[in-house]
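Participant: Listed here are the chains, written in short residue letters.
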Amino acid sequence: MPTESDETMPLRTSDDVVRVRQAVRARAVSAGFSLVDQTKLVTAASEVGRNTVDYGGGGTLRIEVVSNGRRRGVRLTFTDQGPGIADLTLAMKDGYTSGSGLGLGLGGAKRLSNEFDIRSAPGQGTIVTLARWT
Amino acid sequence: MSEHRHVILSLIDRHHQQLLAEWLACQKRDARIADPQREKEIAGLAGRFLDQLRRGAIAQADDIQMAEWQPVREVLEDLSRDRAIQGFSPSETAIFVFSLKEPLFALLRREFAIDADRLARETWTASRLIDRLGLYTIESYARVREEVITRQQQELLELSTPVVELWDGILALPLIGTLDSARTQIVMESLLQRIVTSGAEIAIIDITGVPTVDTLVAQHLIKTISAARLMGADCILSGIRPQIAQTIVHLGLELNVVSKATMADALALALRRANKTIIDREPSAATRT
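Residue numbers (the numbering used here), protein chains in the order written: chain A, 1 to 134; chain B, 1 to 289.
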């Protein structure tokens, strides 16, 4: 699967989340996403990105524009070295939060993406990969 | 080791007048100071700096964060503050400290001319000390600059969240841009404040200008709406564009609030609730007046 562009940006503060939204939107536009798809991807990035900052203690986001020959897509990889998640099923459950949010972020991000993968273990950090296709 | 470091400070004490004169000459040369007013100001600061170095009962030169360094740090903080506010660059600010190296090293050279090993050691200690003080100056400078930026952001926040009165008892809050937590706090406060002062019973929150509505934004909106309700005002959410509506549904958000696509629809609803109607004027009446 050829990669058209590949960049990595830091995710440390809530200001970085704003920058991430802008960068993801720019990539989604360049990949030819419709307005609805752009908004879905940006919102998913905002949810997971904020988790990286708030719960993962900061990390990085890799943004790739990929193509499978017929369709183009944007793949986002959020990596942090935070405390990790012990129970992934519980974390993905709507309405569950270990913090003070609404508990809809991860489940919502999954529903907003075409592909969604989360890997985590206590003490091992968390890696969330999600993608959306045109 | 602490004895060696103390040596430098006692040397400064003994030769402070000469050191000050040479230091000022270096600053004048390095920073190209032409203005006599500024020269006087720098001489004052440099004098204060050396005085604090001499007077303080400083035994350690390797950790300037210690309490005994407090007065010295204060001089540097004052310098950084003045420079940052007056718009000097970081190098123009830090040169104050770094230009002390030349006269201080010269002083050490004179003192330990016969002991090369000792000279090298003391020079290293002095060099590290001045580097630390210089870095501290730059850090304080950056801190002041950040304070200025934060203040400007704050001013911008208040500017960009106006609460407008559309009709007697009907407020509107047009939200624009990123709803980060700091801004939402101000939005919430100004809306609640206006509800109190105007006694409004209906508030229209318009999110046409909000590019992304995620769960955090939604949470802020829900809190604002609940607080307004507690104060006796009903909120109407307007300006939900199609893509935002779809996203909200996918996120699984339940916004328990009356919402309208446009501000005009929301105003029409608000007027209806306030028992007001807008009617077309009779054409004949229009021509008569």
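For the record, the hints were derived by calculation from the structure and aren't laboratory data.
Keep in mind that the hints are not guaranteed to be accurate.
[As the list claims (entries may be wrong)] With a Cα cut of at most 20 Å, we get these calculated EDC-like pairs of lysine to aspartate or glutamate: (1) A:LYS93 <-> B:GLU254; (2) B:LYS260 <-> B:GLU139; (3) B:LYS101 <-> B:ASP63; (4) B:LYS28 <-> B:GLU39; (5) A:LYS110 <-> B:ASP63; (6) B:LYS276 <-> B:GLU201.
Participant: Enumerate the violated hints, using their earlier numbering and listing them in ascending order.
Facilitator: 2, 5
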